[in-house]
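Given chain B, work out where chains H, A and P should sit, using these hints.
Number of protein chains: 4
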Amino acid sequence: MKKIIILIHCKDQKGIIAAVTNYIASIEGNIVYLDQHVDGDQDVFFMRLECEFTENHFDLETIKANFQENLATPFSMSWSVHLQQNKPKMALFVSKYDHCLYDILSRYSTGELNIEIPLILSNHEDLQPIANRFDIPFYHVPFTKDNKEEGEKKQLEILEAYAVDFIVLARYMQIITPTVIEQYKNRIINIHHSFLPAFPGAKPYHSAFNRGVKIIGATSHYVTAELDEGPIIEQDITRVTHSHSIDDFIMKGRDLERMVLARAIKLHSERKTMVYNNKTVVFA
Amino acid sequence: MKKIIILIHCKDQKGIIAAVTNYIASIEGNIVYLDQHVDGDQDVFFMRLECEFTENHFDLETIKANFQENLATPFSMSWSVHLQQNKPKMALFVSKYDHCLYDILSRYSTGELNIEIPLILSNHEDLQPIANRFDIPFYHVPFTKDNKEEGEKKQLEILEAYAVDFIVLARYMQIITPTVIEQYKNRIINIHHSFLPAFPGAKPYHSAFNRGVKIIGATSHYVTAELDEGPIIEQDITRVTHSHSIDDFIMKGRDLERMVLARAIKLHSERKTMVYNNKTVVFA
Amino acid sequence: MKKIIILIHCKDQKGIIAAVTNYIASIEGNIVYLDQHVDGDQDVFFMRLECEFTENHFDLETIKANFQENLATPFSMSWSVHLQQNKPKMALFVSKYDHCLYDILSRYSTGELNIEIPLILSNHEDLQPIANRFDIPFYHVPFTKDNKEEGEKKQLEILEAYAVDFIVLARYMQIITPTVIEQYKNRIINIHHSFLPAFPGAKPYHSAFNRGVKIIGATSHYVTAELDEGPIIEQDITRVTHSHSIDDFIMKGRDLERMVLARAIKLHSERKTMVYNNKTVVFA
Amino acid sequence: MKKIIILIHCKDQKGIIAAVTNYIASIEGNIVYLDQHVDGDQDVFFMRLECEFTENHFDLETIKANFQENLATPFSMSWSVHLQQNKPKMALFVSKYDHCLYDILSRYSTGELNIEIPLILSNHEDLQPIANRFDIPFYHVPFTKDNKEEGEKKQLEILEAYAVDFIVLARYMQIITPTVIEQYKNRIINIHHSFLPAFPGAKPYHSAFNRGVKIIGATSHYVTAELDEGPIIEQDITRVTHSHSIDDFIMKGRDLERMVLARAIKLHSERKTMVYNNKTVVFA
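Chains as they are written, first to last, in this note's numbering: chain B, 132 to 415; chain H, 132 to 415; chain A, 132 to 415; chain P, 132 to 415.
Calculated directly from the structure, the hints in this document are not laboratory data.
One should not assume that every hint holds.
Just so you know, same-sequence chains aren't split out, so a pair can sit in one copy or run between any two.
As the list claims (entries may be wrong) - With a straight-line cut-off of 20 Å between C-alpha atoms, the simulated EDC-like cross-links for lysine to aspartate or glutamate are:
| no. | residue 1 | residue 2 |
| --- | --- | --- |
| 1 | Lys134 | Glu360 |
| 2 | Lys397 | Asp386 |
| 3 | Lys145 | Glu159 |
| 4 | Lys218 | Glu183 |
| 5 | Lys145 | Asp166 |
| 6 | Lys134 | Asp174 |
| 7 | Lys142 | Asp174 |
| 8 | Lys134 | Glu291 |
| 9 | Lys227 | Glu243 |
| 10 | Lys195 | Asp379 |
| 11 | Lys383 | Asp367 |
| 12 | Lys316 | Glu192 |
What you are looking at is a predicted structure, and each value in this text was computed from that prediction instead of being measured.
So that you can see chain B by itself, here it is in the shape it has in the complex (with noise of 0.2 Å):
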C-alpha cells in the first residue's frame, strides 16, 4: 500500500471536492481522510486528503501530471502532493537553552517524529555535548551584527548541503535573516515563551509577572519579516498565582515550550498546516 497526502488551496468554488474525490475514486485510491475549509469571508478554499493506493495501481508522476491538467489547473488550485513515506529533514537551530533541545530529540529517538534530523546549528558552542550525545552532527556558526552576512551564507550552505526541508528554532536566541527567511518560507518554526499576541519580544515571564497575569502561555508560529507576528500553528497556557515568581514562571513555562514546540513539528511534518493571510489553517 501507498499513502498520499494531498493539500489543496484555492478560490472557493462549487464543485471542488465532487471533482477531487471522483478524480481520486477513477484512478482506484481509497480516501482514508478528508477535511475541508471554507473561508467565507476570505472566499477561500482549503482541503487535506490522505489516500491509499495498492501498489499496482500506484504512479505519483503520472498522478501529479493528471492532477495538475484536469484539477489544479481548471479550478486555479495552489496544491502539493507527499508521500507519507517520505521523511522531511528538519535542521534544529539552538543557543544555550538545552530543554527544547533534549524534549526533541528525546521524541526522535523515541521514533515519535516521523522526520530526519541531519543537524543541529548553533551560534554557541554550549550545546554540542548534548548533539553528541545523540550522534547529532552540530554546527557552531557564530552570528553577530559583525560577521552576519559570512553566518548567513555559511548557514544557507549547510541547509543546502543537507537538503533541509524546515527549520525548527528551538530557543534560538538570534534574529533569522531576511535572505533565510525568503528562502524557508512557512518553512521555519519558531517557540516563543508568551502567550502572543501579548508579551512579544524580550523577557516575557519578566513582563508577565509584572502584569500579575493568572495564566502564562507559549505560542509556536512560523518565522516572518516581523518579530513574533508570524502565523500562529499551536498555542498553550498554564495557571499560576501569586505565590509564584519569575523563576516559577520560567519552570513551568519550559513545559509550555516543550509541549507547543512538538505539537508544531509534527503538525508541520505530517503536513497538517496551511498558512494563508497571516493565519494557519490546521488540519489536526
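Just chains H, A and P now, with coordinates in the frame of chain B:
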C-alpha cells in the same frame, strides 16, 4: 437561501464522498461544511454535510426522494436530512436541583440555543416557580415505584402532545423507564456528575473525595437501559486539591454540570452527533 | 459559633505569624484556615485567616480594638476583619448584553453567592424585563458625554442609598468615571472579553480572529483609571481553530465571560483577594 | 543561609500554629513559606514550613532535639525536617517503554530536578543504551514468577547499596513485591496511563477507546499492595475525539504520562506531599 444538514452512516465503500458531493453539485447546492469519519476497525463510514441552496433551486421533498433512490439505496445508507430553520423541541426533566435548569433557561432566553422548550416536567413541585419565572409550562408527574406505569403513561402523553423531539434530564433524579428509552432512543440526554466511567451511580462527589482524586468531572451521555453506560457526548473536568471539602467538590461540580450539559444540548440540537456501537461521532 | 475573616498586609517582618496566631489562641479562637504570602522582591507580607469562636468568647469590638493596639500598630499593618455572616451588597451595572446578567442572577437565585444584590443599574432600558423576572430593582441612568456629571451624580446617589459594598460591571459598555473609581477603589470588578494584556479595548474577538490565535480568553479585573489595565483577579481560556468564525468566537467567549466573572465575584465577596502594586493576591 | 523544610502531621489542636511559629521565631528563623491544612472530618492537622537561618544561628541537631521535646512530644506530632541542600536519591525502574525514561533523564540533565539518580534498574536489557547515553549505571535484574525471591533480594541489595531514598516506576511493567513496598512505604511512585479510578490494570487506552470517552488521563500515585489504588499525587487529562484511534490515544497519552510523572517526582523530591488515609496532601 435555504440550508440543510445531511447525516450519513453506512458501511465504508469506495466512492461515497464523490457520489454524494456530485449529487449536491448536480442540484446546484453549495457545500459549506463537510466532515467525515471512517472507523477502520469497524469498517463504518460517517458523514455530515451542510449545504446551501437558493430558494428557487430548493425542493426538500424532491431532494429526499432522489437522495434515497440514487444514493441511500445503492450504498445501503442510514441517513437523515434536516432543514436548519426547523428548531427541535426539547422537553426538560428536573427534580429538585435548580442550577442546570437555570443555566439552560438562561441560555434559551438569550437565544443561544436553536431549540424550543415547550415544557418542563418534574416528579416534584419544587421548581415550578422557576418555570413560571421563564413562562414555560410545568407538569408535575410524580413518579414512584408504586405508580410507575401511570407515571410513564402520563409522561408519554405529555411528550406526544407537544411533539417533543428530544428529552434532557437536568439532574432528574429518577430512572427513565425502558419504554420511554425505547421511544426516544438516542434522544434522551443525561448529565452525570462524574468523569465516567469513574464513579457511576449515586453520590459520585463523595466517592471522588474518598478516593482522593486530583481532578473531578462531569459527563453528558445518551440514556440507555444500563445506568450511566450510554454513549458519551461530552465530558469536562476541573482540578481539586486536598483543601477542598465534599461541599467544595459539589459547588465546583455544578459549573461542570452546567457547561457539559449545555454543550451536549447544543451539539445534539445542531445535529452534530451520531451514535454507533455505544459511542458517539461528534462533528464539532 | 461565630466566624471571622482577617486580612493583613504589611512590610515583611520576623515573628508576624507567631504574634497573630498567639493572639488568636489567647482569645480562645480556633484557626480553621491560614494562608500567607511573602513577596520577596517587594518585601511585603500578606495573610488571610479564618477563625471560629464560640458565642460567649466573641466580642467583635474588643477584638478590633485589641488587634489594632497589640498587632496592627506595632507591625504597621493594613488590616481588616469581616464577620462571615455579613453579606456584602453588590450593585450590578449592565448595558445590553444579557448573558452575564442571567448567569449572575441564576447563581444568586440558587444561593451560590454569599451576597445581596439590592439593585441593577443600566444606561439602557433593554434589560429591565430580566431584572423584573428576578424581582430586583432596576435603575435606568442614561450616561452619555453630554450628561456625564448628572449621570455620575445619579449613580453615586443610588449606590449610597443602598450602601453598596462593591460594583460588578457585567458587560457594562460605558467608561466608569474617576470619581466613582476613587470612591469604590478596588471594589469595582469588570469582565473583559480577551486574555489581557492581549487585545485590550473594543472588539477583542475581532482582533483575536484577525491575528489567528488558537486560544481565546476572558479576564476579570478591578477597574482603575487606565482602561483594561487594573489588577487581574481571574482569567480563563478556551481553544479555537481555523474553522471558527468571529461569531463562534463570540459564542464560545460568552461561556468564558460568565465563568470568569462569576469566579471573580465569588472570590471578592468571600474576601479572598488583596490588591497591591496593581496585582492581586488571591487566597483561593 | 541555610534553609530547612519541616513537615508536621498530628491531631488537630488549638494553638499548634502559634507554638510552632513561636519556636521558629525564638531561634531566629525566618519563615518564608507556611501552608497548613485541617481535615475537619478526620480532625487531622498538616503543616509545611520553609525557614531560613543565617549560618551562625543554625544547628540542625539542636533544632531536632528541641523541636521533639518542646513541640512534637506535647502535641503528639509525626514530623520530619529536611535540609534543602540535601538531594534525595532516586532509583529509576524501567522495562521497555522509553518515553518517560528519556523525559526524566532530560529534566535531570537540564538541572530541573533537585535529586540524584544513582542508578536505573530494569527487568529487560532494552533500555541499557539510553542509560549509557546519559552515563548512569544500569542494572539488569530479570524478574519473573520463577525467580521472584531472588529478584527481590537483588533489587533490595542494589537499593541499599546506593542508599536510595525513593523509587520511580517509569512504566515498569512488573508488580512490586510486598517486601519492597513495605521497605519503601510512600516512597515508590508509579505512573498509570489512565484517569484513575477509571481503567485500572492492563491496557487502559484500549478500554478508554472502547468506552468512547472524550477525555483520557494519566495518574501518578504511591504504590501500595492494592494495584493502582494507592494515594494519588497528580493527574492530568487531554481531549480525544471519535477521530482518534487507539494508537492516537497511546501517542497523546505519552505526553500525559511524561508530564504527570515529572510533576509527581518534583513534588515528592521537594517534600511537598504528605500521605494519610490513602490520600495525599500536596502543598504545591
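Hint check results:
For the identical chains of this complex, Lys134 and Glu360 are neighbours neither inside a copy (35 Å) nor across copies (37 Å), given an alpha-carbon limit of 20 Å. For the homomeric pair Lys397 and Asp386, the shortest alpha-carbon distances inside one copy (17 Å) and between copies (13 Å) are both at most 20 Å. In this assembly of identical chains, the alpha carbons of Lys145 and Glu159 lie at most 20 Å apart only when taken from different copies (8 Å versus 24 Å within one copy). For a Cα distance limit of 20 Å, the shortest separation of Lys218 from Glu183 inside one copy, 17 Å, qualifies, whereas the shortest one across copies, 40 Å, does not.
In this homomeric assembly, Lys145 and Asp166 come within 20 Å of each other (Cα to Cα) both inside a single copy, at 16 Å, and across copies, at 17 Å. Taking identical chains as interchangeable, the C-alpha atoms of Lys134 and Asp174 lie at most 20 Å apart only when they sit on different chains, with a minimum of 18 Å there against 30 Å within one chain. For the identical chains of this complex, Lys142 and Asp174 are intra-copy neighbours only, at 6 Å inside a copy versus 34 Å across copies, given an alpha-carbon limit of 20 Å. Within a single copy, Lys134 and Glu291 get their C-alpha atoms no closer than 27 Å, and across copies no closer than 51 Å, so neither meets the 20 Å cut-off.
Taking the closest pair of Cα atoms, Lys227 and Glu243 come within 20 Å of each other only across two copies (15 Å); inside a single copy the shortest separation is 25 Å, beyond that limit. In this homomeric assembly, Lys195 and Asp379 never come within 20 Å of each other (Cα to Cα): the closest approach is 52 Å inside a single copy and 30 Å across copies. In this assembly of identical chains, Lys383 and Asp367 lie within 20 Å of each other by CA distance both inside one copy and across copies; the values are 12 Å within and 15 Å between. Within a single copy, Lys316 and Glu192 get their C-alpha atoms no closer than 25 Å, and across copies no closer than 51 Å, so neither meets the 20 Å cut-off.
The structure shown violates the earlier hints numbered 1, 8, 10, 12.
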